[in-house]
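When you get a sec, could you build the whole thing from the sequences and use the hints?
Chain residues, written in single-letter form:
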Amino acid sequence: MSRFRWQFLIGLVLVLGISLTACVAPAAPAGDGGDMADSGDMMPEVMLPDDAAEDQILNVVHEGGCGSGPFPGIDYGSPCNFGHMFMPPFLVDIDGNVMPGLFTTDWEVNEDLTEYIFHIQEEAVWSDGKSITAQDAIDWWNYIFHSDRNSWPRNFVMGAVKGIDEFADGTTETIAGLTALDDKTLKVELWRSEGSLPQLWGFREAAPARFDQYADLLERADEFADAREWRGAMAERFFQGENAADLIVSGPFKPVHLSPEPDAIYRFVRNPNWWGEPTYLDGIEATTIRDFQTILLMFENDEIDLALQLAGPSSVLLRQNQPEAFREIPVSAFWAMYFLTEQEPVDDVNLRRALMSAIEWEKVAEIAWEGEQAPSNAGSPMSSAYQCFDANFQPYPFNPERAKEFLAESKYGPTGETVPKIRILTGGSDPPRIRAAQIVQEMWRVNLGIENVEIKNAESEFVDGEGLVAMQVTSGGSFLPRPGYLLEAVAHTRGGAHQSWTKYTEEGWDEEIDALLSMDPGSADYCDRSLAMLEKFTDAALVIPTGYIRGWYQVQPWVGGYGQSRISFWHTMTETYLKER
Amino acid sequence: MAQNESTAELARDLSQETNTLKTRGLWSDAFRRLVRNRLSIIGLVIFVLLFVTAIFGPFMAPYPYMLQDLERVAEGPSRDYLLGTDAIGRDMLSRLLWGARTAGIVAIISTVFSLLLGMILGGIAAYIGSWADWLISRAIDVTMSIPQLLFASLIAATFRKPVADFVDMMYAQTGMEFFSTPTYVDLVVVFGALALIQWPGYARMIRGQILSLREKEFVEAARAVGVSQFIVLLRHLIPNALGPLIVMVTFGFGGAIVAESGLSYLGVGVQPPQASWGNMIFENQDSWRYRPWLVAMPGFTIAIVSVGINFLGDGLNDALNPRQAES
Amino acid sequence: MTRYISMRVLIIIPTLFLTLMIVFLLGYLGPIDPVDIKRAQWAQQGVFMSEEQLAEERRSLGLDKPFFVQFGAYLGNLLQGKFGYSYIDSAPIWPRIKKALPVSGALALGAMLIMVFIGIPLGIIAARFHNTRLDYAIVGGSLFVWSIPTYVLVPVTLMTFVLWLDLMNVPRGWKGVWHASFVLGAAIISLRTLANVIRQTRGGILEVLQNDYVRTARAKGLTEFLVMARHVARNALIPVVTSLGLMVDDFMWQSVFLEVAFNFPGLGRLFQQGLTSRDFDMIYGVALFTAGMTMLLNLIVDLVYPLLDPRVAYD
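So the sequence lines, in the order shown, correspond to chains A, B and C.
Per numbering that gives the first Met the number 0, residue 0 is the first one in the first sequence, and the count goes up by one each step.
Per numbering that gives the first Met the number 0, residue 0 is the first one in the second sequence, and the count goes up by one each step.
Per numbering that gives the first Met the number 0, residue 0 is the first one in the third sequence, and the count goes up by one each step.
Some hints could be false.
Claimed, not checked - Straight-line C-alpha distance at most 30 Å; calculated DSS-like pairs for lysine-lysine:
#1 A:K420 <-> A:K578
#2 A:K420 <-> A:K362
#3 C:K98 <-> C:K174
#4 C:K64 <-> A:K502
#5 C:K174 <-> A:K578
#6 A:K410 <-> A:K535
Stated by the list, open to error - Partial chain A-side listing against chain C, Cβ under 8 Å, derived:
#7 N154
#8 R227
#9 D262
#10 I264
#11 I288
#12 N300
FYI, nobody ran anything at the bench for these hints, they're computed from the structure.
Beta carbons are placed, not taken as given, at the ideal position from N, Cα and C, and that holds for glycine.
Written out as structure tokens, the structure reads:
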């Protein structure tokens with residue numbers, strides 16, 4: 000009798016288990032996006048390319064979060080960027096050419112590059128039909144870059160504009176250098192020459208939004224204790240789901256739904272009042288997924304059209320299977336290890352040179368990033384994305400003999416055993432970066448006999464703590480792919496917002512870099528002078544570039560008309576369409 | 000069920016009180032029961048193996064744990080590298096063996112730390128009672144209700160510097176070679192973090208044991224006779240609490256090894272190039288689809304060890320808890 | 000009894016306060032803050048900030064203020080029902096937690112159901128066939144699953160179901176409790192705690208079977224089934240109920256990894272996001288809620304306890 004009861008119980012468990020498994024098994028594919036707002040009826044008829052698919056909603060996945068709508072500096076490179084919500088003054092194409100954006104490209108500039116006159120596209124209107132004026136742009140910039148909101152991109156978007164320092168510290172309420180000559184003409188006066196202002200204004204962060212949508216917040220200014228509360232109040236306005244539809248935009252797509260994580264729903268439809276060439280896409284559906292493996296899986300399973308930005312070892316397998324899916328974003332930056340030259344033992348230039356010469360550059364990139372990032376050109380910080388790039392400029396090719404000679408000449412020589420401890424700070428637990436540091440450590444051990452190297456994640460983890468770190472692993476480079484900006488970032492000691500990380504300078508360096516920044520980048524001796532300055536810089540051996548950063552978009556084969564920009568992670572979504580699969 | 004006071008239990012307590020010879024019999028009984036359970040034998044073997052490896056593993060390792068062979072990166076098993084190499088050409092076998100030492104140290108020391116902390120605080124709470132009990136009980140509640148993942152990772156991130164500074168100060172003052180190397184800092188921080196999340200379990204149990212002992216008649220009787228309550232409690236606490244304590248410690252060992260791997264996964268555990276099973280998984284996780292063995296090897300090691308320890312714990316539980324032994 | 004309950008409820012408030020303060024202090028003392036994270040994110044895309052700019056950003060976010068000023072400000076906002084704003088994307092915290100709570104709650108409940116309907120029967124079987132191969136297989140198998148880290152288990156499962164078996168798409172967002180991804184997710188979470196339930200049940204039954212009243216019941220000639228149902232099962236449930244309180248934390252651990260990979264908009268995902276980007280207000284908000292839930296569940300367990308076990312009573 001009792002035996003029978005037990006069998007009954009086991010049977011019950013089995014049935015339960017099977018039925019639960021059955022719940023899992025008949026999994027229906029998760030189709031979504033059908034609830035996209037249909038705004039096609041008010042649009043002009045769009046002539047789609049012949050191979051276009053019926054459904055023209057682009058599915059995008061991004062690893063980082065979406066920021067709060069038009070707020071610059073928060074949603075840098077985020078899925079909201081895919082919406083092309085706000086047109087920046089200019090667009091920069093993959094070859095670095097300035098293309099018209101909100102402004103036309105027929106700007107006028109004076110001889111010494113300190114005064115620009117820009118023209119806003121005549122037909123440019125906001126999504127509510129109102130014309131976009133020069134005063135709109137100025138109002139927005141005065142609002143968003145104000146010290147209360149303290150939007151950080153101020154420094155590179157407006158850094159050269161007259162009166163920016165007074166404005167930034169709150170002395171003035173407006174940026175003095177900006178004047179609206181008429182509705183569609185903007186005059187910009189600079190305090191120093193700047194040959195690349197149009198490129199800088201090709202950054203998304205320069206895009207103006209509608210100040211009057213936030214103007215009432217100014218009346219409540221005393222409610223906000225700091226910039227975060229300001230930004231919070233702005234975010235609440237259009238970043239809470241459906242209320243995103245009220246956001247007035249200037250680009251080809253307008254949001255209908257923006258929900259921050261955990262939902263991470265970002266939906267865009269055509270802007271009915273878009274003033275440029277009509278787009279092929281009816282809408283964009285974007286989301287954030289904070290797991291590379293999952294994004295990869297979705298891409299492999301053909302669930303998404305576009306992924307940003309699967310880089311590093313996780314995407315090795317995808318690259319093997321679908322190499323044509325990868326589109327490179329030229330990033331003018333490098334993975335760097337900076338020498339803190341005031342610290343022992345790297346205060347000795349010959350030791351630094353020895354350390355650089357003992358690195359097998361190709362191998363570092365190959366092993367640490369599994370070939371996903373480009374190897375350094377023998378220790379030059381300048382990647383091939385830069386103007387004036389010269390493949391023959393190789394300051395420290397791998398050469399153990401030369402490395403040993405340098406070591407013997409240094410005050411810590413003659414052999415590796417006498418070199419005091421070198422402390423490397425990786426600043427994070429990203430496996431490839433730690434790997435790069437470990438590989439370099441091993442190369443020094445093998446080629447120079449330096450055993451005493453310590454690697455840590457955070458400065459606080461060093462036994463001796465702050466101030467004794469000899470090298471810092473980070474990334475370096477410049478926001479524009481021009482040598483002047485690179486040199487400013489790595490070697491200029493101007494101080495303030497422009498303090499370089501090496502904090503090292505020599506007689507005449509600052510002046511030469513200033514001269515390069517003020518030069519017209521198209522002039523004949525620009526590259527020669529840049530490279531000469533770069534040679535001085537690399538001769539001092541201040542930075543070890545362990546590899547050049549390469550950004551990637553993953554694009555499915557059925558996405559047509561897709562192009563990427565050289566800067567600002569801007570895509571040319573205006574010509575993008577989905578082909579029949 | 001501490002509240003369960005059967006007469007049999009009372010009788011057993013009394014007999015322990017009077018007959019020490021019988022106590023020895025109790026332990027050999029327990030051992031007999033342990034050995035009879037095949038699973039716990041397996042667990043015991045794994046447990047012993049772990050500690051043998053922790054002590055002798057590094058001497059058996061064919062290569063130093065951080066030696067890189069950049070010519071032979073991410074290879075499968077070969078004659079030179081019996082279990083292959085990782086992404087930067089380090090011998091997997093050697094790192095697994097060194098990892099056993101890390102795991103052993105982390106398990107022992109974090110358990111000892113948390114046990115001591117738990118025993119002292121639990122003892123104080125139960126013995127003094129009133130405000131001390133209230134305070135410590137609240138501390139237990141607070142610690143147990145903070146998400147452990149958050150708590151441990153925040154502790155590990157926060158206390159690294161103070162610990163590092165302390166070690167440095169000791170080196171400056173004593174000049175002892177022991178303090179010159181910072182590798183211990185990682186370990187100490189990890190022990191500290193794990194101990195701080197594990198102590199409430201021990202404290203709660205000790206407190207419960209003492210409180211229930213207090214109610215027992217022989218303790219009341221001893222107090223009436225004039226014997227110090229403290230001594231009586233101590234004498235009874237040890238035989239009564241030892242069984243559950245051993246079981247709890249065993250599970251704590253397994254838990255510590257798994258928890259260390261969790262901390263390493265978040266990047267706040269034992270730092271590279273130091274080898275721990277957790278950071279071996281972490282370092283190789285982004286290539287698991289095309290080099291699954293790099294993740295699988297440390298993963299399986301952790302799995303086997305923690306299963307073994309849990310078998311042993313279960314076995315000890317059955318063996319040391321005589322009420323449920325015979326079936 | 001009423002007095003006991005009100006005391007227990009009242010004590011939750013200072014305990015929560017202490018919890019919050021500890022978490023806040025650890026965040027304050029920690030070496031990394033949201034500005035460091037932002038700097039790294041921007042640098043990844045070729046935009047670089049100097050030390051001075053970082054300091055300015057910290058100042059404008061109020062991160063440079065002393066501990067008690069920051070903590071006081073946070074508490075003040077909390078008393079007004081404000082949970083603050085994200086340091087990273089500026090959006091307010093409370094609406095997110097409000098959205099995430101039901102998702103995490105449903106996941107936990109689903110996992111608990113699976114545990115009860117699979118774990119307890121398996122525990123009973125293991126106890127019944129004590130020290131046989133079946134027992135070893137159940138206990139050993141569940142322990143083996145327990146010791147596989149969730150961050151390994153989750154991607155492997157996802158890969159298996161999506162790519163190799165091709166049974167489903169990658170879950171995207173919340174599709175409700177009847178969706179396959181939910182069942183799969185709840186199953187994964189429950190797998191990790193299953194070992195605990197099986198062991199508790201098994202141990203509980205083994206213990207109860209020894210008791211006199213079971214022997215008496217058997218002696219009275221009751222059938223085995225009735226003995227199990229009436230005397231054994233109820234008592235064996237006690238340890239399971241006790242361990243429920245402890246499971247909240249375990250769920251939190253699991254759901255962090257699960258929700259990120261499965262794209263469930265739950266607390267675990269918020270927590271992971273907060274922790275990796277040091278988005279302090281997010282961390283504090285999530286910690287407050289999970290701590291509160293843990294305490295509440297422990298309270299409920301304590302109150303249910305006397306109903307299950309008449310020997311326990313509160314003054």
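How the hints compare with the structure:
{"no.": "1", "hint": "A:K420 <-> A:K578", "result": "violated (59 Å)"}
{"no.": "2", "hint": "A:K420 <-> A:K362", "result": "holds (24 Å)"}
{"no.": "3", "hint": "C:K98 <-> C:K174", "result": "holds (13 Å)"}
{"no.": "4", "hint": "C:K64 <-> A:K502", "result": "holds (28 Å)"}
{"no.": "5", "hint": "C:K174 <-> A:K578", "result": "holds (28 Å)"}
{"no.": "6", "hint": "A:K410 <-> A:K535", "result": "holds (22 Å)"}
{"no.": "7", "hint": "N154", "result": "holds (6 Å)"}
{"no.": "8", "hint": "R227", "result": "holds (5 Å)"}
{"no.": "9", "hint": "D262", "result": "holds (5 Å)"}
{"no.": "10", "hint": "I264", "result": "holds (7 Å)"}
{"no.": "11", "hint": "I288", "result": "holds (6 Å)"}
{"no.": "12", "hint": "N300", "result": "holds (6 Å)"}
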